[in-house]
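Numbering-wise (UniProt numbering), the sequence shown opens with residue 1 and increments by one.
No lab work stands behind these hints: they were computed from the structure. Be a bit skeptical, because a hint or two may be false.
As the list claims (entries may be wrong) - The calculated label-pair distances, taken between Cβ atoms and stated as ranges, are:
#1 D108 / S79: 34 to 44 Å
#2 D108 / A73: 39 to 49 Å
#3 A103 / P48: 37 to 47 Å
#4 A47 / E92: 18 to 28 Å
#5 R76 / R26: 27 to 37 Å
#6 M23 / R111: 18 to 28 Å
#7 V77 / D99: 29 to 39 Å
#8 M23 / R75: 18 to 28 Å
#9 R121 / E25: 31 to 41 Å
#10 R100 / R75: 13 to 23 Å
#11 R121 / A39: 14 to 24 Å
#12 A73 / H104: 35 to 45 Å
#13 M23 / H107: 24 to 34 Å
Here the structure is a predicted model, which means the values were calculated and not measured. Think of the CB as a built atom: it goes at the ideal place given N, C-alpha and C, for glycine as much as any other residue.
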Amino acid sequence: MNDRPRTADAPRARMRADLVTAMRERRRETVSALRTALAAMDNAEAAPAPETLRTTTNEHIAGSRSGVGSTEAPRRVLSADRVRALLNEQIEERTVEADRYEAHGRHDAARRLRTEADALRPYL
Numbered sequence: 001m002n003d004r005p006r007t008a009d010a011p012r013a014r015m016r017a018d019l020v021t022a023m024r025e026r027r028r029e030t031v032s033a034l035r036t037a038l039a040a041m042d043n044a045e046a047a048p049a050p051e052t053l054r055t056t057t058n059e060h061i062a063g064s065r066s067g068v069g070s071t072e073a074p075r076r077v078l079s080a081d082r083v084r085a086l087l088n089e090q091i092e093e094r095t096v097e098a099d100r101y102e103a104h105g106r107h108d109a110a111r112r113l114r115t116e117a118d119a120l121r122p123y124l
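My request is simple: use the sequences and hints to build the entire structure.
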């Protein structure tokens, strides 16, 4: 059973479905933006690193844990607000970099980054 609130899953589900469509249609900028945003969400859900080392020992390897589920850790649950914040960060990063590229005469790279930012806006 999934403990994650439905409102936080809605944009992600749409993004995954739209990623498949963008891949079929060979829209490189959209594929890049969606993959990066989905990866940022997955990274934000990663379990925090333990602050202290567990000293459970195994007869074969010192400091190791054994048994079913010994290597599993619960993932964080992102709220809808956190998902929106991550998307806003992705859009802002692309917009700032596009402005820098534009200032240096790299209009093609600036256009690509702006296209990627525009691809993420509907998910806010």
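These are the hints, each one checked on the structure:
Separated by about 37 Å at the C-beta atoms, D108 and S79 satisfy the suggested range of 34 to 44 Å. At roughly 43 Å, the beta carbons of D108 and A73 sit within the given window of 39 to 49 Å. Taking 37 to 47 Å as the suggested C-beta distance range, the pair A103 and P48 conforms, at roughly 38 Å. Roughly 27 Å separates the CB atoms of A47 and E92, a value that falls within the hinted 18 to 28 Å.
A beta carbon spacing of about 34 Å between R76 and R26 agrees with the range 27 to 37 Å that was offered as a hint. For M23 and R111, the Cβ-Cβ distance of about 21 Å falls inside the hinted range of 18 to 28 Å, so the restraint holds. The hint said 29 to 39 Å for the Cβ distance between V77 and D99, and at roughly 34 Å that hint holds. At roughly 26 Å, the beta carbons of M23 and R75 sit within the given window of 18 to 28 Å.
Checked against the hint of 31 to 41 Å, the C-beta distance between R121 and E25 comes to roughly 18 Å, which is inconsistent with it. At roughly 34 Å, the beta carbons of R100 and R75 sit outside the given window of 13 to 23 Å. Take R121 and A39: their Cβ atoms lie about 18 Å apart, and the range 14 to 24 Å holds. As the Cβ distance of A73 to H104 is approximately 43 Å, the hint placing it in 35 to 45 Å holds.
Taking the beta carbon of each, M23 and H107 are about 26 Å apart, inside 24 to 34 Å as hinted.
The structure does not agree with the numbered hints 9 and 10 stated previously, though it agrees with the rest.
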